[in-house]
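Throw the hints in and build the complete structure from the sequences for me.
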Amino acid sequence: MSTKNDDFKEEISFKQTMKPEERMIPTFCSLCGPSMGCGLNCYVQDGRLVRVEGMKESPINKGKLCLKAFASMQWLYSPQRLKYPLKRVGKKGEGKFERVTWDEALDLIADKLKEQKEKYGPESLAILSPQARTYKSYFIRFLTAHGSPNYCHSGICAIQRAFGFAYTVAAPMLGMAGADYEHADLIVVWGANPVYAGAPTGNLKKILDAKERGAKLVVIKPEMQPDAAKADMWLPIRPGTDGALALAMLNVIINEHLYDAEFVSRWCYGFDKLVPHIQKYTPEWAEPITGLPAEQIREVARLYGTAGSACILAGNAFDQVVDSNNAIRAVAILIAISGNLDRPGGNIVPMESSMPMPKPVTLHKRYTQEFIDKLVGPEMPRCFQPFIEGISSAYYRCLDSVLTGEPYPIKTIIAPGTQPTVITRGSRRIVEALKKLEFFVVIDVMQTSSMPWADVVIPVTTMYECDHPFEVPMGGTGNWIMARNKVIEPLGDYKSDYEFWLDLGVKMGYGEDFWHGNIEECMNYQLENFGMTMDELRKYPTGIIYEPKPMVYEKYDEFLTAPSPRLSGAPYLPQGKVAIYNTSFEENGFNPLPEWVEPPESPTGTPELLGKYPLVLFDSHTSEAYNHGWLRNVPYLREIQPEPWIHIHPDTARQRGINDGDWVIVESPHGWIKVKALYFPGIRPDTIMSLHGWWQGCSELGLPGYPLLDGGANVNVLYSIDPDKAFDPVVTAMPKQTLVEVRKAENNG
Amino acid sequence: MAKQYGFYYDAGRCIQCRTCELACKGTRGLEPGVKWRRVVETWDGEYPDVTRTFFSLACMHCDKPACAAVCPTGAITKRAEDGIVVVDRDKCNGCQDCLAACPFGVPQFGVDGIMQKCDFCIETDRKPACAVSCPAEALRYGTIDELLEMVPDKNTQRMDGATGPSIIIVK
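Chain order of the listed sequences is A and B. By the working numbering, the letter at position 16 of the first sequence is numbered 16, and the numbering carries on one by one without gaps. Going from the second sequence to the working numbering is simple: count from 1 and add 749.
In short, the hints are calculated from the structure, not lab data. We put the CB at the ideal spot given by N, CA and C, even for glycine. Incorrect hints may have been included.
Each computed EDC-like pair below joins lysine to aspartate or glutamate, with the alpha-carbon atoms no more than 16 Å apart [stated by the list, open to error]:
{"hint": "1", "chain 1": "B", "residue 1": "Lys903", "chain 2": "A", "residue 2": "Asp209"}
{"hint": "2", "chain 1": "A", "residue 1": "Lys92", "chain 2": "A", "residue 2": "Asp651"}
{"hint": "3", "chain 1": "B", "residue 1": "Lys920", "chain 2": "A", "residue 2": "Asp651"}
{"hint": "4", "chain 1": "A", "residue 1": "Lys117", "chain 2": "A", "residue 2": "Glu438"}
{"hint": "5", "chain 1": "B", "residue 1": "Lys903", "chain 2": "A", "residue 2": "Glu520"}
{"hint": "6", "chain 1": "A", "residue 1": "Lys744", "chain 2": "A", "residue 2": "Asp651"}
{"hint": "7", "chain 1": "A", "residue 1": "Lys62", "chain 2": "B", "residue 2": "Asp902"}
{"hint": "8", "chain 1": "A", "residue 1": "Lys211", "chain 2": "B", "residue 2": "Asp902"}
{"hint": "9", "chain 1": "A", "residue 1": "Lys56", "chain 2": "B", "residue 2": "Glu886"}
{"hint": "10", "chain 1": "A", "residue 1": "Lys206", "chain 2": "B", "residue 2": "Asp868"}
{"hint": "11", "chain 1": "B", "residue 1": "Lys784", "chain 2": "A", "residue 2": "Asp455"}
{"hint": "12", "chain 1": "A", "residue 1": "Lys205", "chain 2": "B", "residue 2": "Asp909"}
{"hint": "13", "chain 1": "A", "residue 1": "Lys211", "chain 2": "B", "residue 2": "Glu886"}
Listed next, with one range per pair, are the computed distances between beta-carbon atoms [claimed, not checked]:
{"hint": "14", "chain 1": "A", "residue 1": "Gly517", "chain 2": "B", "residue 2": "Val783", "range": "54 to 60 Å"}
{"hint": "15", "chain 1": "B", "residue 1": "Glu795", "chain 2": "A", "residue 2": "Asp724", "range": "39 to 45 Å"}
{"hint": "16", "chain 1": "A", "residue 1": "Val50", "chain 2": "B", "residue 2": "Asn904", "range": "37 to 43 Å"}
{"hint": "17", "chain 1": "B", "residue 1": "Glu795", "chain 2": "A", "residue 2": "Asp722", "range": "33 to 39 Å"}
{"hint": "18", "chain 1": "B", "residue 1": "Pro797", "chain 2": "A", "residue 2": "Pro669", "range": "52 to 58 Å"}
{"hint": "19", "chain 1": "B", "residue 1": "Glu795", "chain 2": "A", "residue 2": "Asp46", "range": "31 to 37 Å"}
{"hint": "20", "chain 1": "B", "residue 1": "Pro852", "chain 2": "A", "residue 2": "Val50", "range": "33 to 39 Å"}
{"hint": "21", "chain 1": "B", "residue 1": "Thr791", "chain 2": "A", "residue 2": "Met233", "range": "19 to 25 Å"}
Next up, the structure:
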């Protein structure tokens, strides 16, 4: 489609002028992750950020932004900003602190870590993962220098998908970033939301453009979010059953011979074993599980199998189910056998650009088997570590070790930009762990829900208040490098996240590994491959763009033999072929073929619970206003979603005497929350949906915060944490599906 | 006819991301509770055959602004040079007659009780922040004549309405 918008002739009344006192400083956004962030032009007046606009030069967002960026002035100047380092003076959980200097704060942490390293070993330290940002590499470096393997990744986001794709088709990002929208005849958005996540970064525009040139759009998710409202076919699947749908689609595509027999015979291993295995997974079998009519399952399978070119955007829904590894493998196999792997309009392996890669901050070369063996709660089995982020424990399991002492108790947890009290499951148990934990450090820009249990609180700069780092898009296929520019002077006694880790490294005696605390040297080291220093990079205010390499399809010889990040460097795929039958899984005691596993509680898995808990509940981690436990304190965002909510079908609500906007109690076998019921005509009547991360108040709007546990609005108290039922055995994935009943709250205010 | 500025809105591309709402609020520093632009939605049908459509609504800078016609103090005027409807906040007495008259419910009243609404960003001397920020390219701005031709592949028309709203929509 061609438009004249870009070269629209400006009239005199629209001159793009700045007020004389305004100064424009380019930088990039970090309000969501994981990505480099969108290019931002920041306008400063009298030292204050007054507005932002999208940076046209940025190849990521090309002048566009999302609503969160436009609200970021209120975030930056929020009264909830931390002001200076704090140490605890009251009891854990009481939230009483007093101001300390940076030197005192660093000493408190360093002294404790040295003492514990001596007493319990360095592995007693764990650091929890935030939503991926570049500072993650710095604390992974710190952990390695210290001698702990316990980088604790969420266990519920992205890595789960990456793992399933990597060990099936040797392309970790295939389902997240591999959809070739421009050439597709069919686009399947599956358990993903390209509207609420990364709308300005181009996928959304590509999907809309594809639709306009005649591509079909299928959206698979339990409620009609805005992307589903655009779909040619919306499949309102029951939460947590995407794996069952994928298996039934395989059944149809195989039994109706809709697969690419030539590709299967040349590039797939074990198809003959899949054929008998898949017979039991008929559309009729899947109907009661998924809540989708068998005919609709056949229809979507046929559509996908015969589209010619079809791509799938597989979202977070696949990371947060107990059959995660199975569901992802089933989708990866669908892509492969339908002839859509690395072909135009299918799911492709993107080309690298001509941009060099920065020297890594992590110290992955120091990993040893002994290091891996010491993981407190491996995110994926030790035999599959390291994976693409290095080695990792699972977030929840790390906290659980504090209570169980198994295999050993973590003694210090550092939480940088992450709130264990609201963003992982089992909040009640998490609070118990924080109470018992010997030493807890919170690093953030804002007061957090986990702060009351902290021994030391470290206040860091926002993205607007520091002049580093430089960033490049994640994933190795980006083509843009840009130095962050300081937009305003820090509003408190802050260091950046990056400076904090360098300074703590020096305090610990690891100065050799931390550029002796010199951030400029640290940046220059990473830039060596670019042949420039940070100062030289700054001469390009909006960064440098490198030419992308022209796309080459069908690179099977190249990527199917790719080495895995394991210490052995063994390839992901021992046969150099798509692992339909996975011998690596088999050797390590896991099912070589994808199978169906019921959520801990579900209509078909635990029908005995339906009498008391007749509805399925699930939640989303991002909405148009928020991500995770952030941003409820920002007035512009909070007024979009002022109160914690559930979406409920009007019929389901009326049967219970619930009016639109009533406060309701949502009760599962594991806990209860109090939220507002919002009528939502586009949701399965047997299902309600919520949003995780509610706890924070908004003082400017006079809106309250909410208790973290029962009676609050924290959906994570509702889910199972049963060690036998609530974890995918391969990738840890913790499900966000349970059964609930909803009733009108007695005190409706 | 004199030049008339307005917006182009393609409901087929709008995905209710609310970027336009917040681009407006953030760029113009609006107080909470006040929306010069807002995305409204309409549900139709019965589950599972439901449809959900969106409309990004701001001042339509109408040919015959009903708000101006009823304003007792003459605070609301339509500029001759570009057709943009503006409010003289010094003249407004806060009676809200304009809100009752506007077929789109556009006029907003914040804590000062004085009418405020979209001024097409003319006060800032910049392009309308809502339209330049739209990640879906559903919202555009320009003169009505240019907007009719701006997306040649689309069948566009000026929206019907007694007040002559200055918005081009996709048929």
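Q | Violated hints, by number in ascending order, as checked against the structure | A | 2, 3, 5, 7, 10, 11, 12, 14, 18, 19
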